[in-house]
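With the hints as extra help, turn the sequences into a complete structure.
If you read the sequence shown in the working numbering, its first letter stands for residue 1, the second for the next number, and so on.
Do not rely on the hints blindly, as some may be mistaken.
Distance condition first, Cα-Cα at most 25 Å in a straight line; then the derived BS3-like pairs of lysine-lysine [said to hold, decoys possible]:
id	residue 1	residue 2
1	LYS100	LYS111
2	LYS236	LYS36
3	LYS111	LYS98
4	LYS38	LYS24
5	LYS158	LYS38
6	LYS205	LYS158
7	LYS139	LYS111
8	LYS100	LYS135
9	LYS29	LYS158
10	LYS54	LYS43
11	LYS98	LYS205
12	LYS103	LYS135
13	LYS50	LYS38
14	LYS205	LYS217
15	LYS54	LYS135
16	LYS54	LYS139
17	LYS29	LYS217
Distance ranges between label pairs, derived from CB positions [to be verified]:
id	residue 1	residue 2	range
18	ALA198	ASP119	21 to 29 Å
19	LEU114	PRO45	35 to 43 Å
20	ALA189	ASP216	18 to 26 Å
These aren't lab readings, by the way, just hints derived from the structure by calculation. Even for Gly, the Cβ is constructed at its ideal location relative to N, Cα and C.
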Amino acid sequence: MALLFFCAGSFIIAQDNAPQNKRKITVEKPDMQEIKQKTLDPKSPFYFPKLMAKYNRNDTVMTNEEYRYFYLGYMFQEDYDPYRTSPYSGVTDELRLKSKHTKEEMDTIHKYALLSLRDNPFDLRQMSFLVYVLKEMRKNMSAAIWEYRLEHLIGAIKSTGTGEDLENAWFVIYPTHEYDLIRLLGYEATDVEFIEPAFDYLTVKPDEETQRRLRDKVAPGFYFNLEIPISQYSMKHPNTL
Numbered sequence: 001m002a003l004l005f006f007c008a009g010s011f012i013i014a015q016d017n018a019p020q021n022k023r024k025i026t027v028e029k030p031d032m033q034e035i036k037q038k039t040l041d042p043k044s045p046f047y048f049p050k051l052m053a054k055y056n057r058n059d060t061v062m063t064n065e066e067y068r069y070f071y072l073g074y075m076f077q078e079d080y081d082p083y084r085t086s087p088y089s090g091v092t093d094e095l096r097l098k099s100k101h102t103k104e105e106m107d108t109i110h111k112y113a114l115l116s117l118r119d120n121p122f123d124l125r126q127m128s129f130l131v132y133v134l135k136e137m138r139k140n141m142s143a144a145i146w147e148y149r150l151e152h153l154i155g156a157i158k159s160t161g162t163g164e165d166l167e168n169a170w171f172v173i174y175p176t177h178e179y180d181l182i183r184l185l186g187y188e189a190t191d192v193e194f195i196e197p198a199f200d201y202l203t204v205k206p207d208e209e210t211q212r213r214l215r216d217k218v219a220p221g222f223y224f225n226l227e228i229p230i231s232q233y234s235m236k237h238p239n240t241l
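The structure is reproduced here in structure tokens:
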């Protein structure tokens, strides 16, 4: 089930000099040192605990810039681990493959998606599954809140580049987010190549709708920047690499 497709096209890519619009994304390579400094500074409006509190209040006035600092700034927090897996994230894997769900199955999905997101607030797959099940359960207000969060976290990734080459590689905080974004764009990853010092290149094939819509402009693959996840993992787990 490609449950991330529902938010495809929710954002419009804007040029750097375009007026700020909450539904537009300005694409600009992030200054990771600045993001680190501001998200660790208690006096900064982008101090990570402040952004997390705002996010948890279901605050729909968070700007694209705040979401960008929130997403990328998580890599500098003490509990960040790019390769840690939540014990709850795989519980409902079999249910993901079903096109229809019973009430009991939806209750199970709902329960474990929330548990997984409490353990890891940036689990985009669980967030997508949660939006789906909340809509099926007719909990439309809750679904709208989680869908807003998902759209803006995806937007934070898309704001970091174009994915077209190494210089414009997308920044992600988890390698799994590479595949989440690819699905959102209407592609399936067919292979992955690690490029020194810290890049992934995903070779992709389009789904039928993407092939029909883009025709000869279909992308052969996309680049992702993993410099910070790799460096943070090496620092926190010096004996594992």
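- Message: With the threshold set at 25 Å, check whether the alpha-carbon distance from LYS236 to LYS36 stays at or below it.
- Response: 16 Å, holds
- Please work out if LYS111 and LYS98 have their alpha carbons no farther apart than 25 Å. 17 Å, holds
- With respect to the beta-carbon atoms only, verify the hint that ALA189 and ASP216 lie 18 to 26 Å apart. Check passed, 21 Å falls within 18 to 26 Å.
- Given the hint that LYS205 pairs with LYS158, does the C-alpha gap stay at or below 25 Å? 19 Å, holds
- Given the hint of 21 to 29 Å, check if ALA198 and ASP119 actually sit that far apart at their C-beta atoms. 26 Å, holds
- Given pair status - LYS38, LYS158, alpha carbons within 25 Å: The given pair, whose Cα atoms are some 21 Å apart, holds under the 25 Å limit.
- Item | 25 Å Cα cutoff - pair LYS139, LYS111 | 14 Å, holds
- Taking 25 Å as the top limit, are the C-alpha atoms of LYS54 and LYS139 close enough? 22 Å, holds
- Query: Hey, LYS29 versus LYS158, does the alpha-carbon distance stay inside 25 Å?
  - Reply: Holds, at roughly 10 Å.
- Message: Hint check: LYS29 vs LYS217, CA-CA at most 25 Å. Holds or violated?
- Response: 23 Å, holds
- Verify the proposed pairing of LYS103 with LYS135, using a straight-line Cα cut of 25 Å. 13 Å, holds
- For the pair supplied as a hint, LYS38 and LYS24, confirm whether the alpha-carbon distance does not exceed 25 Å. Answer holds: LYS38 to LYS24 is near 23 Å, not above 25 Å.
In summary, the one numbered hint that this structure violates is 19.
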